[in-house]
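Asker: Residues per chain, in single letters:
Number of protein chains: 2
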Amino acid sequence: TSTKNGLGATERVSATFEARISTTNHPLARKLLEIMVAKKTNLCIAADVSTTKELITLADNVGPHVCIFKTHIDIISDFSDDTLKQLQGMATKHNFMLMEDRKFGDIGATVANQYSSGVYKIVEWADLVTVHALPGDGVIKGLVSAVNGRSRGCVLVAEMSSQGALTNTDYVKNSSKIAEDHTYFVMGFVAQGSVSDDPRFLLMTPGVQMEVLNDNLGQQYVTPHAAVMDKGADIIIVGRGITKAEDQVDAAVQYKEAAYNAYLERVKQLQ
Amino acid sequence: TSTKNGLGATERVSATFEARISTTNHPLARKLLEIMVAKKTNLCIAADVSTTKELITLADNVGPHVCIFKTHIDIISDFSDDTLKQLQGMATKHNFMLMEDRKFGDIGATVANQYSSGVYKIVEWADLVTVHALPGDGVIKGLVSAVNGRSRGCVLVAEMSSQGALTNTDYVKNSSKIAEDHTYFVMGFVAQGSVSDDPRFLLMTPGVQMEVLNDNLGQQYVTPHAAVMDKGADIIIVGRGITKAEDQVDAAVQYKEAAYNAYLERVKQLQ
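Listed in order, the protein sequences are those of chains A and B. Numbered continuously in the working numbering, the first sequence closes out at residue 331. Numbered continuously in the working numbering, the second sequence closes out at residue 331.
Don't read these hints as lab results, they were simulated from the structure. Do not take every clue at face value.
A pair counts as met if it fits within one copy or between any two copies, since identical chains are not told apart.
Here are the simulated lysine-lysine pairs, DSSO-like style, with alpha carbons at most 30 Å apart [what the hints assert, rightly or not]:
1. LYS201 - LYS233
2. LYS113 - LYS181
3. LYS153 - LYS233
4. LYS113 - LYS201
5. LYS181 - LYS145
6. LYS291 - LYS113
7. LYS113 - LYS233
8. LYS201 - LYS304
9. LYS153 - LYS99
10. LYS233 - LYS291
11. LYS113 - LYS153
12. LYS328 - LYS99
13. LYS145 - LYS91
14. LYS201 - LYS100
15. LYS113 - LYS145
16. LYS153 - LYS328
17. LYS181 - LYS291
18. LYS233 - LYS91
19. LYS328 - LYS304
20. LYS99 - LYS304
21. LYS304 - LYS237
22. LYS181 - LYS304
23. LYS153 - LYS237
24. LYS91 - LYS153
Because the structure is a prediction, the values reported are computed rather than measured.
Just chain A, same shape as in the assembly:
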């Protein structure tokens, strides 16, 4: 098999995060891997809260334990520019990346506007955004057209965790193809299982909870250990398991340790 900077081109799950840094030229992928190694965390918090106060409190609580803080900025009821100012302050304080889970899914010309303008001006503050490959690669080109020299990247939602999702094998394969054609912007996938063995791409898996239950709107869960060991997740995305916990810090630490230990176990087992 081909190699990328000395590392096998298909060794995503067996390589350490340290070793993967040199396989990618994407500045934010490198930065993210460095954060993960330095903070010993592969936990992304899904910050599904509805007020600025809850958002910033959560960021300050879980900040030391996460590598990515994933937002739905469009559900914050009292959003203002100050929300973003405080959020960026937390990102600096705790050294995590901001990912707006916008799931862009429109034609290029439209997503370029949705990314850069309107009330949220996402491109100005979110290091990363999530994107559906559904519209074809014009969605990537549209986003890139709005980046304007900033250090930005995206993660393709290759697979969804909800019941009856239409992200079938073909869909996953096509998403992977689009990622490979646009590695200057795409730095990974959101998926339930491995999309690519390429060590440049980070696999982020949502729908993770310690206790495996389903909600009543079609969401399906796996444990941190199963996500990382069995499904090959590099980063687990946890929402309600932490945000609804009585003690957010304690819950974040538990998820962080479960996921990072599973990663160490995986690498050890495969090497």
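Guided by the hints, dock chain B onto chain A, whose structure is given.
Answerer: Frame of chain A; chain B shown alone:
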């Protein structure tokens, strides 16, 4: 074949809009068909403008000639509650429906929040919203959970007009199945060609321009006549062909007449 209130269950393209009113129990589908008949228009404007003033001027200009005013509210840079108040005033003045082209594409619990809360509170003002079937039917259930007694509906984006879109035959078929399972909320499709022959569902086709050109971000265009006659569109969605025209009213009238005449021709030919 089965019949629905006397009309063949597969006569979507051959039936008149008048005849289709009685085939559906969806209050907004009925209302929309009534508007289309009364105003003799099957034109939807894609209001891709970036300020409140442009939005309201466009609504007042093209209002008499459209059945749906399709917004991307998240690209309006000076958005405020007053934007919505003025927009709703225009909808009442000119008797058109408001459709927020949000392309919801997340799990049910998330879209419920995106629909009802945050800055835009879409459910409070948009009669219709667009939705990707990608997450499975939890996306529909999530939206419905936020409707709270209002008269609301959605249109499934079954197919995209952009180059390399991943909306293949299976995807279209699965979208159609989800629509059939949720006719109390889904009232039609956004697609490039016929998704269903069921006369209850309205087919809306984007990517329509008088002059057939592509933009440089993957968008592909068809003419109004081809969209309605050849592809079976009930409603054409026109953006830049009208918004960028020197005379918006003149352009709207031209698109309206081209599309409505094509509809009359189609029905005449098939009956």
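Asker: Against each hint, give a clear statement of whether it holds in the structure.
Answerer: Consistency of the hints with the structure:
1. LYS201 - LYS233: both (19 Å within a copy, 28 Å between copies)
2. LYS113 - LYS181: The answer is both: 20 Å in one copy and 19 Å across copies each meet 30 Å.
3. LYS153 - LYS233: neither (38 Å within a copy, 49 Å between copies)
4. LYS113 - LYS201: between (35 Å within a copy, 29 Å between copies)
5. LYS181 - LYS145: Both, since 13 Å and 23 Å are each at most 30 Å.
6. LYS291 - LYS113: neither (35 Å within a copy, 50 Å between copies)
7. LYS113 - LYS233: neither (40 Å within a copy, 44 Å between copies)
8. LYS201 - LYS304: This pair counts as between: shortest inter-copy Cα distance 22 Å, intra-copy 37 Å.
9. LYS153 - LYS99: within (13 Å within a copy, 58 Å between copies)
10. LYS233 - LYS291: Both. Shortest intra-copy (16 Å) and inter-copy (29 Å) distances satisfy the 30 Å Cα cut-off.
11. LYS113 - LYS153: within (17 Å within a copy, 40 Å between copies)
12. LYS328 - LYS99: within (19 Å within a copy, 70 Å between copies)
13. LYS145 - LYS91: within (21 Å within a copy, 44 Å between copies)
14. LYS201 - LYS100: Answer is neither: 34 Å inside a copy and 38 Å across each miss the 30 Å cutoff.
15. LYS113 - LYS145: both (13 Å within a copy, 28 Å between copies)
16. LYS153 - LYS328: The answer is neither: 32 Å in one copy and 68 Å across copies each exceed 30 Å.
17. LYS181 - LYS291: neither (34 Å within a copy, 37 Å between copies)
18. LYS233 - LYS91: Answer is within; shortest intra-copy Cα gap is 27 Å, inter-copy 42 Å.
19. LYS328 - LYS304: neither (33 Å within a copy, 60 Å between copies)
20. LYS99 - LYS304: The answer is within: 24 Å in one copy meets 30 Å, while 51 Å across copies does not.
21. LYS304 - LYS237: neither (37 Å within a copy, 35 Å between copies)
22. LYS181 - LYS304: Intra 29 Å, inter 23 Å, cutoff 30 Å: intra and inter.
23. LYS153 - LYS237: Neither: 36 Å inside a copy, 48 Å across copies.
24. LYS91 - LYS153: Intra 16 Å, inter 53 Å, cutoff 30 Å: intra-copy only.
When held up to the earlier numbered hints, the structure conflicts with 3, 6, 7, 14, 16, 17, 19, 21 and 23 and fits the remainder.
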